[in-house]
Amino acid sequence: MTTLLEVKELYKSYKTKGYWYHKKTIDVLKPLSFCIEAYKTLAIIGETGSGKSTLAKLLVGAEMPSGGRIFLNGQTLKNSNFKQKCQHIRIIFQDSSTTLNPSLTILQLLDEPLKLNTELSEKERIELIRITLQKVGLLGDHMNFYPHMFSGGQKQRISLARAIILKPQVIILDEALASLDPSLRAQMINLLLDLQEQMGLAYILISHNLGIVRHFSDELLVLSQGSVVERGKTNDVINNPKHKVTRKLIMTQGLRLHKK
Amino acid sequence: MAREKIYLEEVFPSPFMQHWLIFRKTPVAMIGFACFIFLTILAVFTPVLAPYSPIDGNINMLLLPPAWHDDGNVSFLLGTDELGRDMLSRLMYGSSLTFGLSFVIVIVSLVIGVVIGSLSALTTGIKSSFLNHFLDVILSIPSLLLAIIIVAIIGPSVSNTVGAIILVLIPQFVHVTRYAVKEEFRKDYVLASKLDGASSFRILYYSIFPNIVDRIMSQATLAQSAAILDIATLGFLGLGAQIPLPEWGAILANGLDLFYIAPWTVYLPGLSILFAVVSTNLVGEGIRHALKLRKES
Amino acid sequence: MNLLDIRNLTIELKTTNQNILAVDRVSLSMKEGEVRGLVGESGSGKSLIAQAIIGVLDDKWHVHADRFHWRGVDLLRLSFEERKALLSKDIAMIFQEPMACLDPTTTIGEQLSEAISSKQLSGFFWQKQKQRTSAIIKLLHKVGIKKHTECIKSYPHQLTEALCQRVMIAIALARRPILLIADEPTAAMESVNQGQIFRLLSSLNQLKNMSILLISHDLENITHWANTITVMYSGQFVEAGTTEQISKKPLHPYTKALVDSSPKSNLQLPPKSRLTTLPGSIPILQHLPIGCRLGPRCPRAQQACVKAPNVTSFHGHKVSCHFPMKEIR
Chain F
1 MTTLLEVKEL YKSYKTKGYW YHKKTIDVLK PLSFCIEAYK TLAIIGETGS GKSTLAKLLV
61 GAEMPSGGRI FLNGQTLKNS NFKQKCQHIR IIFQDSSTTL NPSLTILQLL DEPLKLNTEL
121 SEKERIELIR ITLQKVGLLG DHMNFYPHMF SGGQKQRISL ARAIILKPQV IILDEALASL
181 DPSLRAQMIN LLLDLQEQMG LAYILISHNL GIVRHFSDEL LVLSQGSVVE RGKTNDVINN
241 PKHKVTRKLI MTQGLRLHKK
Chain P
1 MAREKIYLEE VFPSPFMQHW LIFRKTPVAM IGFACFIFLT ILAVFTPVLA PYSPIDGNIN
61 MLLLPPAWHD DGNVSFLLGT DELGRDMLSR LMYGSSLTFG LSFVIVIVSL VIGVVIGSLS
121 ALTTGIKSSF LNHFLDVILS IPSLLLAIII VAIIGPSVSN TVGAIILVLI PQFVHVTRYA
181 VKEEFRKDYV LASKLDGASS FRILYYSIFP NIVDRIMSQA TLAQSAAILD IATLGFLGLG
241 AQIPLPEWGA ILANGLDLFY IAPWTVYLPG LSILFAVVST NLVGEGIRHA LKLRKES
Chain Y
1 MNLLDIRNLT IELKTTNQNI LAVDRVSLSM KEGEVRGLVG ESGSGKSLIA QAIIGVLDDK
61 WHVHADRFHW RGVDLLRLSF EERKALLSKD IAMIFQEPMA CLDPTTTIGE QLSEAISSKQ
121 LSGFFWQKQK QRTSAIIKLL HKVGIKKHTE CIKSYPHQLT EALCQRVMIA IALARRPILL
181 IADEPTAAME SVNQGQIFRL LSSLNQLKNM SILLISHDLE NITHWANTIT VMYSGQFVEA
241 GTTEQISKKP LHPYTKALVD SSPKSNLQLP PKSRLTTLPG SIPILQHLPI GCRLGPRCPR
301 AQQACVKAPN VTSFHGHKVS CHFPMKEIR
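Here the protein sequences come in this chain order: F, P and Y. The first sequence begins at 1 in the working numbering and counts up one residue at a time. The second sequence begins at 1 in the working numbering and counts up one residue at a time. The third sequence begins at 1 in the working numbering and counts up one residue at a time.
No lab work stands behind these hints, which were simulated from the structure alone. One or more of the hints may lead you astray.
[As the list claims (entries may be wrong)] Among the chain F residues that face chain P by a calculated CB cut under 7 Å, a handful are:
| id | residue |
| --- | --- |
| 1 | 34 |
| 2 | 83 |
| 3 | 86 |
| 4 | 100 |
| 5 | 111 |
| 6 | 113 |
Using N, Cα and C, we set each Cβ at its ideal position, and we do this for glycine too.
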């Protein structure tokens with residue numbers, strides 16, 4: 001498969017507002033590069049503060065990188081051009097209750113990206129929204145409801161619908177499955193796998209849960225304090241961790257993950 | 001796949017409807033609301049409803065006490081003043097001046113204030129800092145004093161009063177709007193909208209406004225009760241509605257000299273002002289109560 | 001004697017049109033020194049049971065049970081003050097988001113000193129102050145916080161979630177309770193910290209013989225740390241037994257689905273294959289199914305499932321199902 005998304009030397013640093021001559025630069029994310037292909041999932045693990053969420057925000061455009069470039073299908077993605085980016089890279093956040101506007105119906109919520117980025121007529125938009133809701137396992141009639149009427153699992157599905165409605169090529173899951181109950185998580189994983197097969201998506205999964213990571217991802221990237229300490233195919237990294245950070249992460253979950 | 005509509009008997013209200021349902025359940029707020037509607041109808045339909053003209057007096061019926069007194073006359077329900085004008089009609093016309101004008105004032109200052117507030121929330125840096133601090137300085141001066149100063153400079157008349165009070169109420173709306181919009185901007189769904197490629201204006205209109213409307217409404221009722229009092233006070237001081245306009249404050253000022261012989265010319269307009277302010281405040285309380293309950297549930 | 005003996009607990013919510021049974025005839029019992037896990041997904045009513053035990057449910061919930069005994073004393077017959085006096089000595093509870101449960105305006109030291117009751121101290125006024133300080137330091141050491149001076153002076157927002165949870169446990173331990181109820185203590189944490197907190201609870205259980213009621217939605221996690229497990233679904237009792245019985249031989253289809261959805265059992269599956277799940281989702285309070293509430297989703301449901309099943313027991317392994325999955329061996 002050809003490379004879908006390629007990231008070259010992406011990094012992010014902040015200047016702290018210290019005293020006059022004591023301004024320090026904090027490197028939140030040191031220069032890193034990776035690439036993803038369609039139908040594949042890349043998992044990024046690391047402890048809190050290792051820069052995973054920053055990486056997610058940089059990829060989707062919520063924050064400006066201090067340097068480096070992102071290529072999609074060979075074309076550079078300009079950082080501030082949201083309209084171009086959102087058609088290709090979408091993100092699902094962890095807390096679905098705060099990412100859905102409580103005063104808008106689902107129809108209005110899903111209509112917005114369509115109105116801004118496509119030229120469809122109103123009837124076509126409603127039809128597309130109906131089809132998308134059915135794809136994620138909700139009813140078409142749900143489009144007239146407000147977000148507070150849905151349970152946590154359903155809200156995550158709505159976030160997923162918002163992510164796939166523009167038919168992107170890459171979806172970033174920023175701890176999207178962490179707050180769900182185990183059975184809902186399993187259903188969501190099945191849904192994501194189905195969509196990956198149908199639409200040829202590439203996923204970037206950011207998670208703490210090594211069980212999901214092992215099941216779901218093809219490649220693995222381990223971040224620690226902003227830099228990549230280990231990378232490779234998931235099975236290889238989990239069965240033969242080389243770096244001590246990876247080993248520590250696997251050990252703490254190792255009680256639940258017997259190595260084969 | 002299952003049928004499209006499953007629970008036919010359930011109605012899922014929008015957030016605005018939820019506020020309304022909670023509001024409806026508070027009896028005090030509903031009473032206030034009923035009085036508010038009553039005053040609005042009065043203000044609008046006075047020319048049709050009022051029995052007499054507010055300006056022409058009946059020379060034979062000077063200083064008649066209200067109908068429940070021994071000397072009163074039923075055809076002049078609330079009595080007459082020193083020029084023989086019917087109190088009831090005067091008060092009804094006054095409602096359109098005091099109450100109706102306050103409504104107009106609030107709407108105009110709301111629109112201007114919200115626009116300036118949103119613009120100031122969208123900009124950052126020196127521009128927004130300047131706007132914010134400048135308007136906060138104006139906020140620190142009591143609104144009545146400022147209105148008196150403005151009217152004293154440009155001259156007393158009803159339209160000048162209206163203009164002065166609008167100017168004075170704008171900073172309140174700017175402040176509330178700016179704070180509310182800034183708070184909403186930090187929320188995640190606004191980020192999601194931005195990532196969809198929405199322009200700032202679009203985010204403001206579609207994502208943020210539906211969430212801050214209730215806060216602005218509650219500020220509007222506060223502003224209206226302030227406006228009613230300001231109009232009445234300016235009328236009382238002679239800086240607002242000029243003779244012979246039947247504005248409540250002006251009627252009160254007129255009646256002061258005759259307080260001992262004809263007390264009804266004083267307490268009747270006073271009671272009307274009280275009635276208008278209390279009902280506005282009750283409606284405002286009801287809105288704030290509904291806001292609080294909905295946030296908690 | 002059982003510490004906690006609850007039989008057929010029912011918690012009802014009286015709304016304008018109907019009575020909703022948020023918890024429907026659940027039985028629970030705990031012995032001294034036992035670590036019991038109470039497992040259920042959201043909407044299962046497990047937090048409600050914890051709150052009913054402590055007695056903090058407000059008036060809109062109606063609690064009745066055939067038996068609701070704490071160390072032999074019937075809790076339902078006591079008045080609010082008697083119950084408070086009895087329970088505040090013996091039961092403590094820790095909650096889900098520790099940073100939100102601590103007072104953000106006072107330092108940790110002040111909050112801990114509030115928790116220490118003055119009856120445990122003796123002596124004069126100034127001596128009591130010294131004793132209080134040393135008691136606080138001892139408590140912090142017990143939960144594994146070595147840098148006690150720093151901790152005492154800081155405010156909750158300056159600490160991490162895991163540290164705040166340890167402080168919460170320290171506050172809970174101040175009264176030397178017999179039972180500690182932990183309501184999803186590690187939901188907001190990552191795995192490293194989760195392990196630390198559970199190890200702490202486990203050591204407290206072993207050293208001080210303190211019983212722990214661990215409430216969680218993660219069956220897999222609980223199987224490591226609990227001796228016995230009770231599983232609930234949507235307010236109804238599903239299954240209860242020792243950890244061994246539940247994880248190796250689940251009798252109820254729901255328990256089996258929970259066990260199957262954990263990562264350990266998925267090791268056998270090839271990567272990126274579909275996981276086995278129950279279809280559908282958890283019913284909402286307004287539309288609870290009659291009879292066995294798993295009915296609409298259960299793969300083994302039949303006509304009889306319209307009636308609520310009774311509890312049957314196989315060697316102490318209780319299950320509430322019309323058609324439990326009996327082992328052939």
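Hint check:
1. Interface hint status for residue 34 of chain F: violated, as the beta-carbon distance to the closest one in chain P is roughly 21 Å, over 7 Å.
2. With 7 Å as the threshold, the beta carbon of residue 83 of chain F comes within range of chain P, its nearest partner Cβ sitting at about 4 Å, so the hint holds.
3. Because the closest C-beta pair between residue 86 of chain F and chain P is about 5 Å apart, less than 7 Å, the hint holds.
4. For residue 100 of chain F, the suggested interface contact is upheld, since its CB lies about 6 Å from the closest CB of chain P, less than 7 Å.
5. Hint status for residue 111 of chain F: violated, given a least beta-carbon distance of 10 Å to chain P, over 7 Å.
6. Using the Cβ-Cβ criterion of 7 Å, the hint placing residue 113 of chain F at the interface with chain P is satisfied: the shortest such distance is roughly 4 Å.
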